[in-house]
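Read off the chains here:
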Amino acid sequence: MSILSDIAVNLQRGEDEQVALLVRQALDDGLDAGVVLHEGLIAGMGVVGEQFREREIFLPDVLLAARAMYAGLGLLKPLLAHEGVPAAGTVVIGSVKGDLHDIGKNLVGIMLAGAGFEVIDLGNDVAAERFVDAACGHGASVIGLSALLTTTMPVMKEVVDLVRARGLQDRIKVIVGGAPVSEAWARQIGADAYGYDAASAVERIRALARTVA
Amino acid sequence: MTQQIDWRGADTLPDRREVLHLQGLPADVEPSLRVVEIFEAAADMYTEAAEPRALLADISREAFAEVFRGEGRNAPVTPIESVAARAGALALFVATVGARVTDRIRDLLAHNEPALAVMLDAVASAAADRLTRRLADRFDRAEDPASRSGLVTLGYSPGYCGWHVSGQRALFAYVGPDAIGVTLNESCLMHPLKSVSGVLAAGPADIHQFTPAWAFCADCRNRTCLTRMRQLPALERTG
Chain A
1 MSILSDIAVN LQRGEDEQVA LLVRQALDDG LDAGVVLHEG LIAGMGVVGE
51 QFREREIFLP DVLLAARAMY AGLGLLKPLL AHEGVPAAGT VVIGSVKGDL
101 HDIGKNLVGI MLAGAGFEVI DLGNDVAAER FVDAACGHGA SVIGLSALLT
151 TTMPVMKEVV DLVRARGLQD RIKVIVGGAP VSEAWARQIG ADAYGYDAAS
201 AVERIRALAR TVA
Chain B
1 MTQQIDWRGA DTLPDRREVL HLQGLPADVE PSLRVVEIFE AAADMYTEAA
51 EPRALLADIS REAFAEVFRG EGRNAPVTPI ESVAARAGAL ALFVATVGAR
101 VTDRIRDLLA HNEPALAVML DAVASAAADR LTRRLADRFD RAEDPASRSG
151 LVTLGYSPGY CGWHVSGQRA LFAYVGPDAI GVTLNESCLM HPLKSVSGVL
201 AAGPADIHQF TPAWAFCADC RNRTCLTRMR QLPALERTG
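These protein sequence lines are chains A and B, in that order. FYI, the numbering for the first sequence is 1 to 213, going by my numbering. FYI, the numbering for the second sequence is 1 to 239, going by my numbering.
Here chain A stands alone, though its shape is the one from the complex (with noise of 0.2 Å):
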């Protein structure tokens, strides 16, 4: 087995030190960050996604494994700026103004990372201009909106809104997800797709970024 595969296995298991111990190793005998990060980390993330799907595994296994994802990660991301690798993208994520909840956006914040992509986490209680602010900041191809109440599901219609009034459309694209909201409230807002939950939402977010790229 190589070494990359050796840290995808060892993600998918949750072993955090081990993984941390093979990607210094891959580097060591002169691997690219890119190479490890591609083959091993975001490999290893795919299956476990996969498995989640699936039902094979579930969340806190799933949570497991991003701990250990990070684990490499923090080893490789001051090479990776230095090489220069691209994410997969950048999203920009957060729970809605007047909206404390957050940790369904943390889940797809976490489940992003390990796929590839740079997240912007505004956090929770964010008003629409930040949210639209931040991914033009940040040259964001995606906004992912959470809301857990009916009462802040507005806000949603107010960042769609707020992007096609910059005529932004094109260039960002808006996904929105949480408890009450729905497929139905996605096309009603304008917004671009609805996440059901985390694992789906990181399906529709490299969807949408490759309609922008």
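No lab work stands behind these hints: they were computed from the structure. Take the hints with a grain of salt, since some may be wrong.
[What the hints assert, rightly or not] Taking CB as the label site, the calculated pair distances span:
{"id": "1", "chain 1": "B", "residue 1": "216", "chain 2": "A", "residue 2": "197", "range": "45 to 55 Å"}
{"id": "2", "chain 1": "B", "residue 1": "33", "chain 2": "A", "residue 2": "210", "range": "13 to 23 Å"}
{"id": "3", "chain 1": "A", "residue 1": "179", "chain 2": "B", "residue 2": "27", "range": "17 to 27 Å"}
{"id": "4", "chain 1": "B", "residue 1": "211", "chain 2": "A", "residue 2": "210", "range": "18 to 28 Å"}
{"id": "5", "chain 1": "A", "residue 1": "83", "chain 2": "B", "residue 2": "133", "range": "51 to 61 Å"}
{"id": "6", "chain 1": "A", "residue 1": "137", "chain 2": "B", "residue 2": "60", "range": "47 to 57 Å"}
Beta carbons are placed, not taken as given, at the ideal position from N, Cα and C, and that holds for glycine.
Starting from the known structure of chain A, fit chain B onto it as the hints suggest.
For chain B alone, kept in the frame of chain A given last:
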């Protein structure tokens, strides 16, 4: 009468199955050793950080009707009106596991410990739900136990079953939960986040039985009412 109840964190710790269920694990799936270890670490953290407390305020049917009306944004017909009208006793409640647990969750996420953070979040959510049950048990035993014989107490909360979340404002005005450190934001969300509020209704089991087929039921993902109704015969007290 309004009473304050304080618990120790350990007294409100939910069991492992309940917590793992919140994270999508089916009851028949045995968690891995690593997942069990994470649960145990989260349980220890919860026990250390939680400051569970509650306010329980008796309320008459008439006064509750006023609180329930709130800002006039409820669904036109809800099961709660019917439950309250047939209940023998009502009490409003606000309960929290405290802010320190939420702080710990944030710290864990900031330090790239997502598995432990999400597990602690699930422990705290299950514990907050458990507080409602603890309050219901206490309400059952209150004052005149004989008069409560054969009755079932269940909680109903703003944001569910057609009770608009803006109803939190009237509920908070009645209970005054500043005393236990719980406040509302402009969206009527509670701070600390792991808090619960609502009305406890004690009455014959059949007052809690209804068919969840209202328009608002279509938007409800948790459908815990179905589980509660299935458990009603088991909850019924025999005196």
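Okay, the hints, checked on the actual structure:
Between residue 216 of chain B and residue 197 of chain A, the C-beta spacing of about 22 Å breaks the proposed range 45 to 55 Å. Distance hint check for residue 33 of chain B and residue 210 of chain A: the Cβ-Cβ separation is about 39 Å, which falls outside the suggested range of 13 to 23 Å. Between residue 179 of chain A and residue 27 of chain B the CB atoms are about 22 Å apart, so this pair conforms to the stated range of 17 to 27 Å. Between residue 211 of chain B and residue 210 of chain A, the C-beta spacing of about 45 Å breaks the proposed range 18 to 28 Å.
As the Cβ distance of residue 83 of chain A to residue 133 of chain B is approximately 55 Å, the hint placing it in 51 to 61 Å holds. Against the hinted window of 47 to 57 Å, the Cβ-Cβ separation of residue 137 of chain A and residue 60 of chain B comes to about 55 Å, which satisfies the hint.
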